[in-house]
Amino acid sequence: MDIIMCGVGGQGTVLASRVLGDTAMKQGFQVRTSEIIGMSQREGSVVSQVRIGHDLNGPLIPDQAADFFLGFELAESVRNLEKLGPQGIAIVNTQKIVPPSCYLGASSYNEPALLDYLQKQVPTLILIDALELARQAGNLKAVSAVMLGAFSAVYSEIAAAEIANELIEKLPEKLKDINTRAFELGKTYAEG
Amino acid sequence: MTRKLLLGNEAIAHGAIKAGIRVATAYPGTPSTEVFSTLINFAEEFDFHAEWCVNEKVALEIAYGAAISGARSLVSMKQVGLNVAADPLLTGTYLGVKGGLVIVVADDPGPHSSQTEQDTRNFANFAKVPVFDPADPQEALDMTIEAFNISERYHLPVILRPTTRVCHVCQDVNIPETYFTSPKARFEKGSDYVIFPNVSRRKHSDLIDTLQNISEDFSTSAFNLTEGEDDRGIVCSGVSYYYVKEALQRLQVKPAVLKIGTPYPFPDKLVTSFIKDKQSLLVVEELDPVLENEIFRLVGKTGIKTELHGKNDRLVPGVGELNVDLVEKVIATWLGKSLPEMSVAEKPELPARAPILCAGCPHRASFYAIRKAAGKKSDVVFTGDIGCYTLGTMPPLSAVDTCLCMGASITEAQGIGRAEPGRKTIAVLGDSTFYHTGIPGLINAVYNQYPLTLVILDNSTTAMTGFQPHPGTGQTAMGEEVPIVDMVKLIEGCGVKSIKIVDPVNLKAAVQAVKESLDYQEPSVVIMKRECINLPGHKAASNPVFVDEQKCRDCGLCVTEIGCPALVMEKGQKPRVFETCVGCGLCVEVCPFDAIQGGGR
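First to last, the sequence lines map onto chains E and P.
So for the first sequence, the numbering used here puts the first residue at 1; every next one is plus one.
So for the second sequence, the numbering used here puts the first residue at 1; every next one is plus one.
Please keep in mind that the hints were generated in silico from the structure rather than gathered at the bench.
Where hints are given, some of them may not hold.
Chain E residues, not near chain P, derived (Cβ > 10 Å throughout) [unchecked claim]:
| hint | residue |
| --- | --- |
| 1 | Leu15 |
| 2 | Val31 |
| 3 | Ser34 |
| 4 | Gly44 |
| 5 | Asp63 |
| 6 | Gln87 |
| 7 | Pro123 |
| 8 | Asp129 |
| 9 | Gln136 |
| 10 | Ser156 |
| 11 | Ile158 |
| 12 | Ala161 |
| 13 | Ala190 |
| 14 | Gly192 |
Derived lysine to aspartate or glutamate pairs resembling DMTMM-like cross-links, with alpha carbons at most 20 Å apart [stated by the list, open to error]:
| hint | chain 1 | residue 1 | chain 2 | residue 2 |
| --- | --- | --- | --- | --- |
| 15 | E | Lys96 | P | Glu349 |
| 16 | P | Lys4 | E | Glu166 |
| 17 | P | Lys347 | E | Glu166 |
| 18 | E | Lys120 | P | Asp401 |
| 19 | E | Lys96 | E | Glu111 |
Covered by chain P, per the in silico footprint, the following chain E stretches (three or more residues, Cβ under 8 Å) [claimed, not checked]:
| hint | stretch |
| --- | --- |
| 20 | 21-27 |
| 21 | 50-60 |
| 22 | 67-81 |
| 23 | 107-121 |
| 24 | 143-153 |
Keep in mind it's a predicted model, so treat the numbers as computed, not measured.
The C-beta atom is built at its ideal place from N, Cα and C for all residues, glycine as well.
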């Protein structure tokens with residue numbers, strides 16, 4: 001099972017990939033995750049790759065091979081879409097994080113064109129406003145919990161409760177309730 | 001046996017703990033940093049000494065000193081760090097060690113966050129140091145333990161060389177229960193640890209014999225494995241081994257595969273027996289053609305006749321990372337197979353998203369002040385350095401013209417000024433980098449009377465690599481409070497007469513300080529002092545800025561002058577402040593109409 005997570009540094013893709021990795025390992029699967037840590041964390045593009053299964057090879061997912069695609073940000077989702085396999089499911093957060101380059105006139109952020117591209121290219125696409133759901137849960141930083149919740153609704157190999165428990169275990173006490181709510185909101189949305 | 005999901009770097013740390021290390025040292029550098037930051041968490045429990053050092057040379061020398069006293073020691077760094085530590089490495093290899101010494105050197109194919117794509121396997125060859133090249137976190141752990149064994153058996157330092165896709169990959173890893181107990185360390189006087197030309201000649205000769213023996217050992221090492229039988233063979237190493245395996249499964253072909261985990265000294269016997277009946281060989285490795293060139297040597301030595309493909313005939317790319325797709329194409333070409341075309345519909349324009357300084361980063365204010373002081377259209381050359389602040393090169397700040405290596409801002413400035421007398425330069429580097437290798441360059445400026453303008457961006461941490469303490473912070477790796485190595489006194493001691501300390505967000509004072517420094521005829525230093533906003537424990541601002549839309553005249557300067565990610569302005573709209581604003585107040589100072597208010601702590 002190959003899962004791609006992409007977004008912008010600071011959105012919590014590393015946390016989400018560790019949560020999935022640990023959950024899967026405890027269920028008896030082999031796990032490989034690959035993260036880019038370092039300069040990109042300063043609001044750059046980030047991609048985490050998670051491979052779960054048996055007799056796994058390396059950490060990198062080939063193009064058009066991902067079974068699941070979690071896009072934490074709209075433009076980054078389009079940027080990395082070639083990783084998604086033809087039968088794959090994409091969950092894309094419609095949140096826009098517009099880089100300063102756009103305000104300086106060096107590039108542009110064409111939201112309608114990006115959305116249109118995703119809708120045309122992805123047969124199974126779930127668009128989700130994870131930022132709004134995180135806001136409802138009580139903290140804008142709970143986007144990764146919303147995304148994990150949404151993922152748990154479409155991924156059948158591991159029970160959603162296992163993923164939620166692993167997430168909560170990794171968080172400090174004061175964030176547990178908010179993230180539990182965020183996870184549930186994401187899950188309910190993707191189920192609907 | 002405990003099973004845990006571990007990052008490759010964490011796995012290396014666990015291997016070192018099981019190997020019974022007594023001393024661990026490091027200077028942070030991506031992708032190596034987490035090896036040592038993991039060790040810190042276990043130092044008390046397993047009773048070993050751990051310290052962040054001021055630079056890699058110092059770190060290696062301390063680990064070496066411990067090792068010649070009989071203590072198992074580990075030092076970790078990124079690949080370019082080994083350039084700094086080259087001196088003790090080469091001589092230390094001649095003199096040898098008593099307790100095991102493992103040097104973890106993380107390579108960064110890509111590169112993702114490094115200045116070069118240098119290949120530490122070649123460095124190991126040059127320095128005559130045995131090297132292990134792990135393919136995944138589990139192997140990194142196992143190799144760390146074996147590296148200590150080899151180091152002690154042959155009395156040589158040993159390099160463990162993971163790459164980014166081992167360091168920053170998580171895997172379910174088995175951690176052995178067995179634990180090596182080191183004998184008590186004691187430096188024996190009268191041992192052979194004084195280098196001298198005649199000693200060197202003898203030691204060099206011994207070293208060559210030892211390497212021959214290790215090569216024989218490595219020929220039977222469990223880290224080198226052969227799979228399948230065929231007259232076509234692939235030789236690979238590190239994570240490339242997995243790319244090859246996956247590509248072969250996808251292509252449904254079965255050439256023989258030899259994975260080499262010990263590239264130096266090359267396991268001649270094993271490789272000779274693998275290549276002798278091959279009609280064609282393909283070498284798949286990242287960075288330099290190290291295995292490939294060794295096989296060239298073997299072919300010359302043995303007279304074996306075979307085709308040899310890889311980087312030398314450009315079948316395998318000579319730069320960047322490999323991946324499954326790339327390796328699949330290479331193997332298909334090698335075997336004359338065609339691959340189905342993968343089509344991707346043309347994408348709409350994507351916004352450029354380069355990494356940038358964080359919202360509220362004090363460096364933004366510093367660079368803005370430096371630019372202001374130099375004058376808008378000025379010809380002043382800004383020599384930069386290694387750290388978050390290398391990002392000061394990005395527009396609209398554009399205040400970094402050079403970046404070479406740690407500490408070089410100070411010395412490049414001197415070279416540029418010497419070549420072009422009268423051309424003004426401003427050297428800019430961070431606090432940690434100043435302690436790392438900045439100081440000798442400063443002394444040189446004083447000694448040779450260069451009118452240096454040095455701006456030290458003192459954010460009280462090593463931010464880029466994850467907030468490590470340094471001598472100026474008064475904290476050690478273990479969190480002990482220690483006396484601060486006073487930056488101002490240090491600079492005074494070097495003979496600098498003009499030293500100014502300013503808060504960069506206090507824009508007028510900061511600009512004035514840099515201006516005065518530029519006009520000063522002798523070496524002078526401006527310390528821009530403001531804490532990194534991401535420093536753990538740093539209080540988040542309770543007072544973000546807001547825009548007074550009545551006063552705002554839509555000039556856009558707040559956006560175009562400083563490029564803060566928390567402040568944006570869309571066409572035809574007033575500037576907007578995001579939640580990420582920490583209220584540093586730089587934009588308040590930039591706005592000519594007092595339209596931005598709030599901020600400050």
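Pro123(E) non-interfacial with respect to chain P [C-beta, more than 10 Å]: Pro123(E) is indeed farther than 10 Å from all Cβ atoms of chain P, at 13 Å.
10 Å cut-off, C-beta based - Ser156(E) kept clear of every residue in chain P: holds (21 Å)
Three or more residues of the stretch 21-27 of chain E near chain P by CB distance under 8 Å? holds (count 3)
Under 8 Å between beta-carbons, do enough residues of the stretch 143-153 of chain E, three at least, approach chain P for the coverage claim to hold? violated (count 0)
How does the coverage statement for the stretch 67-81 of chain E fare against chain P, requiring three or more residues with Cβ below 8 Å from a Cβ of that chain? holds (count 5)
Distal placement of Asp63(E) relative to chain P, Cβ over 10 Å: The claim breaks: Asp63(E) does not keep its Cβ more than 10 Å from every Cβ of chain P (closest is about 5 Å).
8 Å C-beta criterion, at least three residues: is the stretch 50-60 of chain E covered by chain P: holds (count 4)
Does the claim that Gly192(E) lies off the interface hold, with its Cβ farther than 10 Å from every Cβ of chain P? holds (28 Å)
Regarding the assertion that Ile158(E) does not contact chain P, is the least Cβ-Cβ distance greater than 10 Å? Holds, since 14 Å exceeds 10 Å.
With d taken as the least Cβ-Cβ distance between Gln136(E) and chain P, does d exceed 10 Å? At about 16 Å from chain P, Gln136(E) clears the 10 Å cut-off, so the statement holds.
Hint consistency between Lys96(E) and Glu349(P) [alpha-carbon to alpha-carbon, up to 20 Å]: holds (15 Å)
Do three or more residues from the stretch 107-121 of chain E put their C-beta atoms closer than 8 Å to C-beta atoms of chain P? Coverage by chain P holds for the stretch 107-121 of chain E (10 residues, Cβ < 8 Å).
In this structure, the hints that do not hold are numbers 2, 3, 4, 5, 17, 18 and 24, in rising order.
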